[in-house]
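Colleague: Here's the letter readout for the chains.
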Amino acid sequence: MEVKGTAPICIPTRDLSQEYVETPGVVGFAPVQDLLDLARVNALWPLTFGIACCAIEMMAAGVARFDWDRFGIIPRGTPRQSDVMVVAGTIPHKLVSTIKTLYDQMPAPRYVIAMGNCAISGGPFSYDGQYAIVNGADKIIPVDVYIPGCPPRPEALLQGFLKIQTKITKGLIDANRRAEKAARKHKK
Amino acid sequence: MLNPKTIDDASIEQRVYQLNLGPQHPSTHGVMHLLVTLDGEVVIKLEPVIGYSHRGHEKMAENRTYEQFLPNPPRMDYLSGMIFNHGYCMAVEKLCGIEVPRRAEYIRVITAELNRIASHFIGAMDYAMGLGAITPFLWGWDDREHILDLLEGIAGSRLTYSYSRFGGVRNDITKDFYDGTRRFIDRLRGRFWDYENLINQNIIFIKRSQDVGVITKEAALAYGVTGPTLRGSGVAYDVRKQEPYSVYPEFTFEIPTREAGDCLARYQVRMAEMEQSLNIIEQALDRLPPGPIRSKVPRFVTPPPGDCYCTFESARGEAGFYIVSDGSRIPYRIKVRAPSFSNLFVLTEICPGHFLADVIAIFGSIDVTVPEIDR
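Taken in sequence, the protein lines are chains A and B.
Here my numbering is used: the first residue of the first sequence is 1, the next is one more, and so on.
Here my numbering is used: the first residue of the second sequence is 189, the next is one more, and so on.
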C-alpha cells in the first residue's frame, strides 16, 4: 500500500507501512481514526482567551507577520466551537473557575497549550508568600503542550501548535478516553 | 446617545436584565468583566468587576530587592513596558540620588517613545477591530512589528523589557538600531496617509464613533482620567509637559487635544500623538550626545530611609511609583498609580444610555490593559 504523499508535508503521520504488512491481492484501508486525525490537525481552532502579556504574543502570531491561518488555526470567540485552549498568562485564583468552565464547555476532543512560564509553573510570580496565583495551568486542567518563555515568541507558539498536530497524528493523545473519564467524573 | 425612555413602548414588555460581558470575551482586552444591566438593548448601568488578573505585584515588591523587582513593572503594562521600566528606574534613582548620564537619558526617551507608538498602534487598531474593521488591525500590527524588531535588537526582548537599569541603560544603541529607527520614521510618516484614507474617512467608522461615549471635561477631571482619554476631552494635560522629567524639556513637541470627548476624538488624539512621538525620536537621534551609558552604581542599591513619588506619562496616562524605603535593600512599600484604573471607572458614568454594541466601542477607545488595573 502506497502511503507516502497522502499526508500534507508538514505533518508527520504514523508510519503505516510498518503496521500493516502488505498482502498481495488484499486492499488495505487506513484506519478511520487516522483520517479523522488528519482532518483535526488541519483545523485546530483556538479559543480567543488571553489573560496577560502572552495574549499579546498570541495575537501577534495571528496577524500579518506570523499569520497562523496558514496552518488552519482560526481563533473562535466561543468555547463551543473551539478545539484548543491556549492558557496565555498567569492564572489568579479568581480566574480558576472561569477556566474550568471554559474547558468543560469545549467539545471533546480538546487540547490545551500552556503558554508562558506563568501557565507552566507560576513563572516569575511564584515565590514564598504568593497569595494570588495558581502555580501552573496543569493544576486545574490537563495540559498537552508547554511553551516556555516570558512571553514566548510567536514562532514558539506556532511550534507548540505543530507539536499538538504531531501528538494527535502519532496517537499520543487519547482524547476519547480523556473525554470518557471526564464524563464519568461529571456523572459522579 | 439614546435615552431609554424614548424607546419606551407600551406594547413591548419591558424587561430589565443583567448581562455578564466577560471575563472571556473577544473584545474585552484580556480578562475584564463588565456587569451590564440592560433594558432591551440599552445600557442602564454598567459595573466593571476587576481582579481577574491580580498577581500581587505590590506585595511582591515587599519581598524582593529593588533589582529583583525590575522585571515586574513592564509586566504590569505590557504594551508600554519600556515606559514603565523607565519610570521605575527614575523612581529608584530619585530615592537614591543616582545621576544618569545624558546619553542614557536620550536613549531612554527614544526607546520609550518607540514603545509609545507601538502601544498606540494596538490601542487605535484594536479599537477599529472592535468596530468590525479587520484591515487596520493587520496593518497596525505589521507596523508595530518593525518597532519590536528595533527594540529587540538592543533590549533582547519583544514585549517585556528590562532595558533601563538604575543609573542608565543596559546596552548602548547599535548602528543597526540608529539606521533602522531613521528608516522607520520615514516609513511611518508615509503610512499615516494610508491610515487617514483607510479609517478616518470610513463612514461606518465615523458613524460608530462620533458622539459615542462623550466624556465631558468635568467628568474626566472628576474621575481622574489621564492620557489620551483626557486629552480627547479637551484638557491639555501631559506629564511630559506639566511636570517634565528625564530630558523631555529639551524637545519641542505639541500636546494634541480634541474638544469633542467622544470615541473619535480619543482615536484622533492617539494618531496625532504618534506623529509627535516621531518628532521627539527624530530630535533625540539628531542630538544624541556621546558619553557613557551608565553611571557607577553599586550592585545592590540601598536607598536612605524616606519616600518618593515619581510620576511619568505612560501610553495610557499618568502613571507613578510611590516608594517607601526603610533603609534596607528591600522596599518597605511600593504603590503604583495605574492610569488604566482611573480611566476604566469613567465607564460607569458614560455608558448608561448607550446601546450594548457601543459599550464595546467605548471600552476599546479608552484602551486599558487589565494587569495594570489589577496589578
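Incorrect hints may appear among the rest.
A short list of chain B residues far from chain A (calculated; beta carbon distances all over 10 Å) [stated by the list, open to error]:
1. Pro211
2. Pro214
3. Gly228
4. Asn251
5. Asn260
6. Trp327
7. Asp330
8. Glu333
9. Asp360
10. Gly368
11. Asn385
12. Asn390
13. Arg487
14. Arg521
15. Thr536
Pairwise CB distance ranges, derived in the manner of DEER restraints [stated by the list, open to error]:
16. Tyr205(B) <-> Asp104(A): 39 to 49 Å
17. Leu223(B) <-> Ala64(A): 34 to 44 Å
18. Arg65(A) <-> Glu255(B): 26 to 36 Å
Calculated directly from the structure, the hints in this document are not laboratory data.
Predicted model only: the values in this text are computed from it and were never measured.
Where is the CB? At the ideal position from N, CA and C, for every residue including glycine.
Colleague: Of the numbered hints stated previously, which ones are contradicted by the structure, given in increasing order?
Modeller: Hints 1, 2, 4, 5, 6, 7, 8, 16 not satisfied by this model.
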